[in-house]
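Undergrad: Listed below are the residues making up each chain.
Protein chains: 2
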Amino acid sequence: MAELLKLKSPADFIGKQGHGYISFGSGQPDLPPPKEAFEGINLTRDLRYGLIQGEFALRDALTHEYPGSTAENFVITNGASEALDLIFRIWGKGEKVLLPRPYYYSYPPIIEMAGMVPVYTDMVEGRIDLEDFRKKVTGCRAVLINSPSNPTGRVEAIETLKEIERITQNLGVYVVSDEVYKDLIYERENYHIQGNHVITVNSFSKTYCMCGVRVGYLWSADKSIVEAVCEAKTHTSMNTNLVGQDMALHAMRAPKEYILHQQEIWRARRDFMYQGLLDLGFDLWKPEGAFYVLPRCRNAREFLSLLVREYKVIAYLGEWFGAPDRLRFSYALDVKKIEEGLGRIRDAMKKVSVL
Amino acid sequence: MAELLKLKSPADFIGKQGHGYISFGSGQPDLPPPKEAFEGINLTRDLRYGLIQGEFALRDALTHEYPGSTAENFVITNGASEALDLIFRIWGKGEKVLLPRPYYYSYPPIIEMAGMVPVYTDMVEGRIDLEDFRKKVTGCRAVLINSPSNPTGRVEAIETLKEIERITQNLGVYVVSDEVYKDLIYERENYHIQGNHVITVNSFSKTYCMCGVRVGYLWSADKSIVEAVCEAKTHTSMNTNLVGQDMALHAMRAPKEYILHQQEIWRARRDFMYQGLLDLGFDLWKPEGAFYVLPRCRNAREFLSLLVREYKVIAYLGEWFGAPDRLRFSYALDVKKIEEGLGRIRDAMKKVSVL
Chain A
1198 MAELLKLKSP ADFIGKQGHG YISFGSGQPD LPPPKEAFEG INLTRDLRYG LIQGEFALRD
1258 ALTHEYPGST AENFVITNGA SEALDLIFRI WGKGEKVLLP RPYYYSYPPI IEMAGMVPVY
1318 TDMVEGRIDL EDFRKKVTGC RAVLINSPSN PTGRVEAIET LKEIERITQN LGVYVVSDEV
1378 YKDLIYEREN YHIQGNHVIT VNSFSKTYCM CGVRVGYLWS ADKSIVEAVC EAKTHTSMNT
1438 NLVGQDMALH AMRAPKEYIL HQQEIWRARR DFMYQGLLDL GFDLWKPEGA FYVLPRCRNA
1498 REFLSLLVRE YKVIAYLGEW FGAPDRLRFS YALDVKKIEE GLGRIRDAMK KVSVL
Chain B
1198 MAELLKLKSP ADFIGKQGHG YISFGSGQPD LPPPKEAFEG INLTRDLRYG LIQGEFALRD
1258 ALTHEYPGST AENFVITNGA SEALDLIFRI WGKGEKVLLP RPYYYSYPPI IEMAGMVPVY
1318 TDMVEGRIDL EDFRKKVTGC RAVLINSPSN PTGRVEAIET LKEIERITQN LGVYVVSDEV
1378 YKDLIYEREN YHIQGNHVIT VNSFSKTYCM CGVRVGYLWS ADKSIVEAVC EAKTHTSMNT
1438 NLVGQDMALH AMRAPKEYIL HQQEIWRARR DFMYQGLLDL GFDLWKPEGA FYVLPRCRNA
1498 REFLSLLVRE YKVIAYLGEW FGAPDRLRFS YALDVKKIEE GLGRIRDAMK KVSVL
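If you're matching them up, the sequences are chains A and B in order.
Heads up: the first sequence begins at 1198 in the numbering used here, then just goes up one per residue.
Heads up: the second sequence begins at 1198 in the numbering used here, then just goes up one per residue.
Read the hints as simulated data drawn from the structure, not as lab findings.
Hints should not be assumed to be uniformly reliable.
[Said to hold, decoys possible] Straight-line C-alpha distance at most 20 Å; calculated SDA-like pairs for lysine to any residue:
id, chain 1, residue 1, chain 2, residue 2
1, A, LYS1232, B, LEU1240
2, B, LYS1203, A, GLU1424
3, A, LYS1232, B, LYS1420
4, A, LYS1203, B, ASP1243
5, B, LYS1232, A, TYR1246
6, B, LYS1290, A, VAL1314
7, A, LYS1420, A, LYS1205
8, A, LYS1420, A, GLY1265
9, B, LYS1232, A, VAL1314
10, B, LYS1420, A, ALA1208
11, A, LYS1420, B, ASP1209
12, B, LYS1205, A, ALA1425
13, B, LYS1205, A, GLY1265
14, A, LYS1205, B, THR1431
15, A, LYS1205, B, VAL1423
Please read all numbers here as calculations on a predicted model, not as lab measurements.
Turn these sequences into a full structure, and let the hints steer you where they fit.
TA: This is the structure in structure tokens:
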């Protein structure tokens, strides 16, 4: 058996790309932001504190994507991460949050750091199991959903989302809907769940390929949520960086073709990656959104250790996402690299039994 | 008696300057950043995720200000606020943090949101009372100090800082030293307390007049602290915005004269504000650092309500800083405006008894 690397979390790989590695690790676009994001940015603008809630112009621009909204419904944050972190901190310690599993790896720590308690509902074939969901949602303060999903690549059916909307509304449970991949759906339109009990989290990171700029936001029609989040943010980070907010606002001026063109690129990569892993014999779900696959993999840690050490291939352990015996591959890299990476995986499969 | 405004916190005023108001409220420089902060910034750089710990070049540049340090001792954060917020989140819930009172208004909520418990030691004449400090520090996980202090404007004596350094080291208590005003001391040099038990928090906001860019950092010689903070930040906000980090790095190239020139401006304002309030009969401490005064003020809420409503003067209630019967004035505005503001205060004093 190959020596196991002491990999604890995705953070072990962050910033460690290059040097001949093929990285299926970090979930971020390799494509450039739209040129609009840079054009006309005035760095010599007033750089004193801005509004905690975020620049009015940016919040106002967002209203066009959320029909019936006003700028008051948004809080601009340091990426979707901070939006999520702040939300759970405004609720009571010890309260429960329902979390479909597999989950994005930061969800449990964010919930736990806030003093809340994650309760898990296991997905069936990468999709929310409404029967189990119904059983466990009672008594929770909130539900955290993520469709399209990181790490499953699945998109929940519109009927499922509507049912979640109804169940939670009837029970008075908040839904936190992390929709950072809403512009990367291959199969159908997104359904934006709605209601006073819904808090939507989104970001400019994936849609506009500007992860490092750290601009995200949350939307809520519930004024008390917006106020509580702003109150917390006043103490924890103040306004979101002003230059990043300007860049996000400018990026929104990119033509619709920018996003459509990206979707084409992602779809081609998705098809290549999915078929490639199928051809290698992996058992996996066909991604419907985002840019991840989560194939079953026996001896996952041993295989990943081998991949990293001898084949310079990075991927993430499924166990970090609540999915042991799987590996997560991001296909946010060009097809040539995906092909090279798949070749290395094929070679490594000769040394460790994974199927 | 004038109708009382329902002022709950400084946030009620943020972003509400202008429109004829003289604001002694928000604590931020009105001066521009050094031109170096803008020159040569390349917005079309790689904007994918950066290191959670912060850009190496910026951390490396900071080592020159912390003799004997390496880039590994720093974590770049979304302002000093996030550095403080992260630090308390890595310690155990229910543990105690000693906090000199008056305090910066975000300290208690940051500590409490982290699930820790603030324990207060009351200052004497705006300075830490070592006798009371010694009594209360035992059993605390950490002490949070802030010299120069917001809101008192006081600077602790070097002997006091050295004694705090010793006491805490002997007891195995961490010292979190918020030194965001270290470059704004009028009376003497700063003493940078040291040791493996010290965590220094600092920022580019005040020194380089770029509050809205939100770049701060923490320094620690204790590797386990740096790692725990990075681990938390991985989930709560990821890397600090990359463009802001570039601007901070560039700002550090400003000539020493930039900071010296600022200090002259601040000293002139300090002298004018201090003398002006003395002339009006207020009882207050002479500021030794930062840009705040905290005069005694009877009927503080009533007086502030009058100032805001009828005289368009903004100040902060001392009670937000743990100092009831005082008002906090920031003198981060030009002397002409300070003069105008003092005139309005003089007029308002005819209607409410404050001395």
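Undergrad: Are the hints correct? Go through all of them and say.
TA: Do the hints match the structure? See the list:
1. As the CA atoms of LYS1232/A and LEU1240/B are separated by approximately 10 Å, the hinted pair is consistent with the 20 Å bound.
2. Using a Cα cut-off of 20 Å, the hinted pair LYS1203/B and GLU1424/A holds, with the two alpha carbons roughly 16 Å apart.
3. For the hint linking LYS1232/A to LYS1420/B, the alpha-carbon distance of about 40 Å lies beyond 20 Å, and the restraint is violated.
4. The suggested pairing of LYS1203/A with ASP1243/B is violated, with an alpha-carbon distance near 29 Å, which exceeds 20 Å.
5. A C-alpha spacing of about 18 Å is found between LYS1232/B and TYR1246/A, which places the hinted pair at or below 20 Å, so the restraint holds.
6. With a C-alpha separation of about 14 Å, the suggested pairing of LYS1290/B with VAL1314/A holds against the 20 Å cut-off.
7. Restraint check for LYS1420/A and LYS1205/A: not satisfied, since their Cα atoms lie roughly 39 Å apart, outside the 20 Å limit.
8. Straight-line distance between C-alpha atoms of LYS1420/A and GLY1265/A comes to about 15 Å, which keeps the hinted pair within the 20 Å bound.
9. Taking the CA atoms of LYS1232/B and VAL1314/A, the gap is near 48 Å; set against the 20 Å cutoff, the hint is violated.
10. Distance restraint check for LYS1420/B and ALA1208/A: the Cα-Cα separation of roughly 16 Å lies within the 20 Å cut-off, and the hinted pair is therefore satisfied.
11. With a C-alpha separation of about 16 Å, the suggested pair LYS1420/A and ASP1209/B falls inside the 20 Å cut-off, and the hint holds.
12. Distance restraint check for LYS1205/B and ALA1425/A: the Cα-Cα separation of roughly 13 Å lies within the 20 Å cut-off, and the hinted pair is therefore satisfied.
13. As the CA atoms of LYS1205/B and GLY1265/A are separated by approximately 30 Å, the hinted pair breaks the 20 Å bound.
14. For the hint linking LYS1205/A to THR1431/B, the alpha-carbon distance of about 13 Å falls within 20 Å, and the restraint holds.
15. Distance hint between LYS1205/A and VAL1423/B is fulfilled; the C-alpha atoms sit about 17 Å from each other, no more than 20 Å.
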